[in-house]
Amino acid sequence: AQSVTQLGSHVSVSEGALVLLRCNYSSSVPPYLFWYVQYPNQGLQLLLKYTSAATLVKGINGFEAEFKKSETSFHLTKPSAHMSDAAEYFCAVSDGANAGKSTFGDGTTLTVKP
Amino acid sequence: DTGVSQDPRHKITKRGQNVTFRCDPISEHNRLYWYRQTLGQGPEFLTYFQNEAQLEKSRLLSDRFSAERPKGSFSTLEIQRTEQGDSAMYLCASSPVAQPYEQYFGPGTRLTVT
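Those protein sequence lines, which keep their order, are chains A and B. All residue numbers for the first sequence refer to my numbering, where the first residue is 1 and numbers rise by one. All residue numbers for the second sequence refer to my numbering, where the first residue is 1 and numbers rise by one.
Excised from the complex, chain B in its bound form (with noise of 0.2 Å):
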């Protein structure tokens, strides 16, 4: 068990900008949260997937930002037109079949929009 991995770990990024994210969860967690993180605040949900089905969004996850899970493994978060209010820590979540409830984060990415 490798735990839940992110990549890169930190990006910077001119306004205006694309970006995409990457996520692997732990192996056979069929769910994968994805939340964002700001300054001095706790995470908020963005996103989840159910194996490659994505199930629920956040109103936060406005037209610019686009998830998949295409064969119910890793995931990848994209940003278009990156703006510097996206600038933040985005965490990966996954948990297991048989309690969904408990999650486990990867390290995060941290984004920094100039």
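For reference, chain A alone in the conformation it holds in the complex (with noise of 0.2 Å):
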């Protein structure tokens, strides 16, 4: 059985300010973890992925996440907010590379404040 759980619902930055997302996995497996962002009213769009290469993967819009095997742990970061980075975000977590579904958490909504 895989979980995540994402730490704060919400969290607000102020433009220019560090973004941390916590997100916290459980697997069985070897996992497979993703982030995805949602923006209102429409579907998901994928971030970055962690496929069992490097720790440290970069996606788009110059988000980067590690994966911690050891802390179990899959923390989003952005070292500079920009205002159009507000959503929701989702983390996410497969049981490898032929899975059939991913397993998400309850997201966290990010605020940017000018």
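Honestly, I wouldn't trust all of these hints.
Ranges of calculated distance between the beta carbons of each label pair, as one might list FRET restraints [to be verified]:
| hint | chain 1 | residue 1 | chain 2 | residue 2 | range |
| --- | --- | --- | --- | --- | --- |
| 1 | A | 18 | B | 55 | 34 to 44 Å |
| 2 | A | 42 | B | 76 | 14 to 24 Å |
| 3 | B | 96 | A | 30 | 13 to 23 Å |
Sample of chain A residues at the chain B side, in silico, Cβ under 7 Å [what the hints assert, rightly or not]:
| hint | residue |
| --- | --- |
| 4 | 32 |
| 5 | 42 |
| 6 | 43 |
| 7 | 44 |
| 8 | 99 |
| 9 | 100 |
| 10 | 104 |
| 11 | 105 |
| 12 | 106 |
What the hints contain is simulated information worked out from the structure, not anything from laboratory work. None of the values given here were measured: they were computed from a predicted structure. Ideal Cβ placement from N, Cα and C applies to all residues, glycine included.
Starting from the two chains in their separate frames, assemble the complex, guided by the hints.
In structure tokens form, the structure reads like this:
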């Protein structure tokens, strides 16, 4: 069984500040991990993925995430927030290369203040 | 590549009515997934197909729900005798043969049951 916990349902940062969105996972097999972004009334867009290669993965829009097996974490960061980053972010886990589904966290809403 | 499309985008129905949603995946993606997302939560897996075969169904998929992918291309999700608890966003995603874990999401169909 797999699960994802996103710590903090709401995060607020000032424009230009560091963004840190936390994700912890549980998986009985080596996981594949994902971060998605969702804008209002839209589907999910893949930001980045970890697929058992490099532990630090870079994604679109300046986001990156680091896989830490010892901490079972996959936190999302961005050095400098932009107003357009305001959205909901979801962390997800699947059980490997041939997985048929992903298990999602409940999401974190990011607000960016001017 | 036109992306995953879903129709309709919005559906309002009365309790007890049947509804059907359609999903057109990215061409040549052999896997197709259905998820349900309620307010304040992440997407929950419902079912997925590999080509025309339905390989997994969640226990969330009650007897009132049925999904098909008759020719391995588009898929339909039908809900019979809708209930107010069925109100949600229904998301479809597809993934390619080489990277089945990399899911591309459509914009979703928002169902409101009155």
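A quick look at each hint next to the structure:
{"no.": "1", "hint": "18(A) to 55(B): 34 to 44 Å", "result": "41 Å, holds"}
{"no.": "2", "hint": "42(A) to 76(B): 14 to 24 Å", "result": "22 Å, holds"}
{"no.": "3", "hint": "96(B) to 30(A): 13 to 23 Å", "result": "21 Å, holds"}
{"no.": "4", "hint": "32", "result": "5 Å, holds"}
{"no.": "5", "hint": "42", "result": "6 Å, holds"}
{"no.": "6", "hint": "43", "result": "4 Å, holds"}
{"no.": "7", "hint": "44", "result": "4 Å, holds"}
{"no.": "8", "hint": "99", "result": "5 Å, holds"}
{"no.": "9", "hint": "100", "result": "5 Å, holds"}
{"no.": "10", "hint": "104", "result": "3 Å, holds"}
{"no.": "11", "hint": "105", "result": "5 Å, holds"}
{"no.": "12", "hint": "106", "result": "5 Å, holds"}
The structure meets every hint from the earlier list without exception.
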